Every structure is written in structure tokens, then in C-alpha cells.
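From first to last, the protein sequence lines stand for chains A, B and C.
Quick note: to get this note's numbering, add 22 to the position in the first sequence (first position is 1).
Quick note: to get this note's numbering, add 132 to the position in the second sequence (first position is 1).
Quick note: to get this note's numbering, add 603 to the position in the third sequence (first position is 1).
By construction, these hints were calculated from the structure, which means they are not laboratory data.
Note that the coordinates shown come from a computational prediction; the quantities given were computed from them, not determined experimentally.
No residue lacks a Cβ here, since even glycine has one placed at the ideal position from N, Cα and C.
Any given hint could turn out to be false.
[Claimed, not checked] Listed next, with one range per pair, are the computed distances between beta-carbon atoms:
1) 242(B) x 50(A): 41 to 49 Å
2) 146(B) x 50(A): 17 to 25 Å
3) 759(C) x 162(B): 34 to 42 Å
4) 50(A) x 246(B): 37 to 45 Å
5) 54(A) x 633(C): 43 to 51 Å
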Amino acid sequence: MSDASLDSLLAVLPDMGGYGAYVWPAFAIAALVLIGLLVQSLVSARRNEAEAATLRAERAAASAATEPREAGHGA
Amino acid sequence: MAPKRRRMTIILVALGLLSAATVLALTALEDGVVFFISPTDLAAQTPKPGQRLRLGGLVEEGSIQRGDDAQITFEVTDLETAVPVTYTGILPDLFREGQGVVVEGAMGADGRFAADSVLAKHDENYMPAEVAEALKKSGRWQEGAETPATTGSTE
Amino acid sequence: MGLKDRNRPAATMHRYANPARFLRLARAVQPWAAVLTIICLGAGLYLGLFASPADYQQGESVRIMYVHVPAAWMALFVYTSMAAASFAALVWKHPLADLFAKAAAPIGAGFTLIALATGSLWGKPMWGAWWVWDSRLTSVLVLFFLYLGHIALTNAFDEPTRGARAAAILALVGFVNVPIIKFSVDWWNTLHQPSSVLRLDGPTIDPSMLWPLLLMGVAFTGYFLCVVILRMRAEIAARRIRALRYSRAAG
Numbered sequence: 023m024s025d026a027s028l029d030s031l032l033a034v035l036p037d038m039g040g041y042g043a044y045v046w047p048a049f050a051i052a053a054l055v056l057i058g059l060l061v062q063s064l065v066s067a068r069r070n071e072a073e074a075a076t077l078r079a080e081r082a083a084a085s086a087a088t089e090p091r092e093a094g095h096g097a
Numbered sequence: 133m134a135p136k137r138r139r140m141t142i143i144l145v146a147l148g149l150l151s152a153a154t155v156l157a158l159t160a161l162e163d164g165v166v167f168f169i170s171p172t173d174l175a176a177q178t179p180k181p182g183q184r185l186r187l188g189g190l191v192e193e194g195s196i197q198r199g200d201d202a203q204i205t206f207e208v209t210d211l212e213t214a215v216p217v218t219y220t221g222i223l224p225d226l227f228r229e230g231q232g233v234v235v236e237g238a239m240g241a242d243g244r245f246a247a248d249s250v251l252a253k254h255d256e257n258y259m260p261a262e263v264a265e266a267l268k269k270s271g272r273w274q275e276g277a278e279t280p281a282t283t284g285s286t287e
Numbered sequence: 604m605g606l607k608d609r610n611r612p613a614a615t616m617h618r619y620a621n622p623a624r625f626l627r628l629a630r631a632v633q634p635w636a637a638v639l640t641i642i643c644l645g646a647g648l649y650l651g652l653f654a655s656p657a658d659y660q661q662g663e664s665v666r667i668m669y670v671h672v673p674a675a676w677m678a679l680f681v682y683t684s685m686a687a688a689s690f691a692a693l694v695w696k697h698p699l700a701d702l703f704a705k706a707a708a709p710i711g712a713g714f715t716l717i718a719l720a721t722g723s724l725w726g727k728p729m730w731g732a733w734w735v736w737d738s739r740l741t742s743v744l745v746l747f748f749l750y751l752g753h754i755a756l757t758n759a760f761d762e763p764t765r766g767a768r769a770a771a772i773l774a775l776v777g778f779v780n781v782p783i784i785k786f787s788v789d790w791w792n793t794l795h796q797p798s799s800v801l802r803l804d805g806p807t808i809d810p811s812m813l814w815p816l817l818l819m820g821v822a823f824t825g826y827f828l829c830v831v832i833l834r835m836r837a838e839i840a841a842r843r844i845r846a847l848r849y850s851r852a853a854g
């Protein structure tokens with residue numbers, strides 16, 4: 023973000039008794055770190071769980087395909 | 133069960149030794165760990181001229197004198213000893229009489245501490261201005277001497 | 604190698620038994636933690652930013668406290684929980700303990716980063732310096748490096764269990780830093796002021812400022828719970844993927 027747009031953003035927010043240039047960036051940094059971590063964790067949980075489910079379904083399908091033959095052997 | 137007990141004993145003994153080593157190291161390095169010394173400490177150790185150090189304490193009430201060009205003199209006290217300080221430059225917003233400060237610089241030949249940086253130190257009390265006023269009015273306000281940290285005394 | 608292969612089925616069973624139960628519990632806890640976080644965060648932010656009074660000394664800059672202090676609490680709390688988990692991992696080989704430590708470390712590092720950055724933004728106008736090397740600030744910087752070291756060690760080995768073991772030892776060794784951070788402001792002269800909330804003689808903060816602070820503390824704790832569960836779920840799934848690929852390659 024450029025200095026000018028940062029200044030105009032700070033101008034819109036309450037000036038916090040002249041400390042706005044310190045207060046708002048502090049909250050912004052906290053929000054950035056926490057939201058970033060949350061999104062990254064959400065995405066990797068979704069992706070990994072989906073991939074694990076796909077792999078398990080593939081294996082289940084593969085073992086279902088081999089099962090009848092084994093059952094036939096047994097009988 | 134036995135290996136678990138053994139692992140636990142090893143870990144606890146190792147942590148105990150590590151803690152002991154840390155305590156010893158920090159005690160030995162105490163002078164390096166403290167951020168500033170008090171005016172009384174300074175009077176006791178008579179530093180070499182030009183030796184850089186940090187001095188912490190309260191700005192003595194009524195001691196602030198402003199000169200030309202942002203020059204300022206004031207006294208830093210731990211309520212036992214006061215040291216005169218000279219400084220030229222921008223002061224932090226919290227700087228005022230009765231406030232905790234840490235000044236960095238060296239003792240001059242004239243017995244004044246020539247500071248090239250002044251940091252304000254605030255205490256651990258947080259309250260709205262009205263509450264502070266009410267406390268002052270009711271006489272329950274303890275100015276300055278709340279904690280050793282604000283007065284800058286070491287033990 | 605032969606010994607390891609023989610142990611593998613048993614180890615796999617052990618690894619799966621607990622995570623399944625954990626996942627059920629996690630799915631039950633997660634929505635409640637999320638709701639708690641959102642409510643407390645909303646209330647804490649409103650009170651902290653707008654409805655609470657300015658400080659008699661620090662004016663409106665005191666509002667930085669409402670992110671700085673809870674982040675610093677969490678930085679210490681998360682590390683302490685990681686040290687406890689690492690102890691359990693080393694002594695009892697609890698399968699979820701390593702998983703927890705690995706999931707918690709990046710969150711703890713995030714909280715520590717927030718505490719450092721917001722502290723700097725608070726220090727400039729109040730103290731007159733972005734940074735000073737006093738014992739409180741320095742020991743928190745060391746904590747940040749411990750978190751980074753933990754993350755690096757966890758991922759440094761081809762075999763995940765070796766990385767987890769090395770990281771667990773680091774977490775325990777680094778734990779000596781936690782009491783140093785907490786008591787640095789009492790033991791030594793620091794520029795940082797002593798504790799205002801967690802002290803023996805009770806808080807030295809006016810209730811109108813203590814409430815938003817505590818609400819933000821609860822919100823950050825709830826956030827940690829939500830995100831650590833998410834990260835543990837992601838890691839459990841990643842291990843399943845590895846195990847399934849391994850069995851496919853082997854079979």
C-alpha cells in the first residue's frame with residue numbers, strides 16, 4: 023500500500039487523540055497475522071482431508087474389486 | 133513401565149540442571165541484564181568520564197528548566213539521590229515532572245549527566261483521567277513511589 | 604530396518620486409535636470455540652476501540668494494550684502448552700502430543716510477532732523508542748526465535764518422528780525462558796513496566812479497561828483453540844495420505 027492511500031485510510035478512521043498512526047497499524051498487523059494463519063490452516067485442513075478421503079475411496083474400490091476373487095478361492 | 137519412569141527421571145533431572153545453570157548465568161550477568169542504574173548506584177560507583185550508561189528514576193518535581201533550542205535540564209531522582217541531567221532534543225510524550233524516565237549518556241566533568249536519549253517509563257497503573265482525579269481528591273493517590281521499578285532502585 | 608518394519612503395523616494402530624477419538628471431540632468443540640471467539644472478539648474490539656476510556660497518562664494510545672497484552676499472554680501460554688505436550692511426547696510417546704506441538708508452534712510464533720510489533724508501535728509514542736534491549740523485550744525476542752527454531756526442527760528431518768523428537772527437546776529446553784519473560788520486569792530494572800493483571804495483589808487496571816482486555820484474552824484463547832484443531836486435523840489427514848500412499852506403494 024502506498025503512503026498516500028495509507029494516509030487517506032488513517033484520515034477516515036478516528037484519530038485516537040493523535041495516536042491513530044500507532045493504534046490502527048497495531049490492530050491491522052494483529053488482524054493480518056491472525057487472519058492469514060486462519061485461512062492457511064483452513065485451506066490445508068480442507069485440502070488434506072479431501073485428498074485423504076479420495077485415496078481411501080480409491081483403496082476401498084481397489085480392495086472391493088479384488089475381494090470377490092479371494093472369496094471365490096475360499097469357496 | 134520402567135523405561136517411561138527412566139525417561140521421565142532423565143528429563144526432569146536435565147531440566148533441573150538446565151534451570152540451575154540459567155539461574156547461575158543470569159545472576160552472574162546481572163549487571164548486563166539490568167537496563168539502567170539508579171542515581172544512588174551511580175553515586176556509589178563513580179564512573180569514568182565518558183563511560184556510557186543508562187540512568188533511571190523519576191523527574192524531580194520542579195526541576196525542569198528549558199533553555200534555548202530544545203535544550204532542557206532536569207534532575208533524575210530515586211527519592212534518595214538526585215542527579216542533574218542535560219539533554220537537547222525531542223522528548224517522549226509522557227515526559228513530565230514526577231514521571232519515570234531512563235536517560236542514556238555519560239557523566240560530564242561538571243557533575244551533570246549529559247544525556248543523548250531520554251526514554252519515558254510508565255507504571256503499571258491504567259485508569260481513566262476522571263478516576264485519577266477522584267483518587268487525587270480523596271487523597272488515596274500515591275505519587276511516584278508505587279514500585280521499586282518506577283523509582284529505579286535495585287533491591 | 605527389519606525391526607522397524609515389524610513394528611510398523613502396531614505403531615500404525617496406535618497412531619490411528621487416538622486421532623479418531625480426537626477428531627470426534629475436535630468436531631464437537633470447534634463450532635463452540637468459533638462462536639465464543641466471534642462474540643468475545645466483537646465485544647472486546649468494540650469496547651477496546653470505542654467504548655473504553657482513554658488512559659490518564661497514555662491517552663488513546665492505551666488501546667494498543669487490547670491486542671498487545673492478550674497476544675503476549677498467548678505467546679507464553681502456547682509455549683507452555685507446547686512444553687507440556689513435548690514432555691508427554693518424550694515420556695509417554697503419546698501420539699497426539701507431537702501433533703499438538705507441531706500445530707501450535709506457528710500460532711505461537713504469530714502471537715509473539717503480534718506482541719513484538721504492537722509493542723514497538725506502542726513504545727515509540729510512549730517511551731520514545733521503537734525498541735530497547737531491556738530484559739523483557741529481549742527475552743520475548745528469544746521466545747520468537749525459539750518458535751521459529753521449533754518449526755524449522757520439526758521439518759528438518761526426512762523421518763517426521765525424528766524431527767518431532769528434536770523439536771520436543773528444544774521446546775523443553777526453551778521453557779526456561781518462560782519464567783524469565785514473566786518475571787523479568789520484577790527481577791531486573793527494565794523499561795517495560797511490571798504486570799498489571801497477573802499479579803499477586805490484584806489488577807492495577809481500572810475495570811472499564813480490564814473488561815475489554817479480558818474479553819480479548821478469551822477471544823484469542825478461542826482463536827487458538829479453533830486454529831490448533833484445524834492444524835491438527837490437517838496434520839492427521841497428511842499422515843493418513845502418507846500412510847495410504849506407503850501402503851499402495853508397498854502393496
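Q: Please name the hints from earlier in the document that this structure breaks, with their numbers sorted from lowest to highest.
A: Failing hints, ascending: 2, 5.
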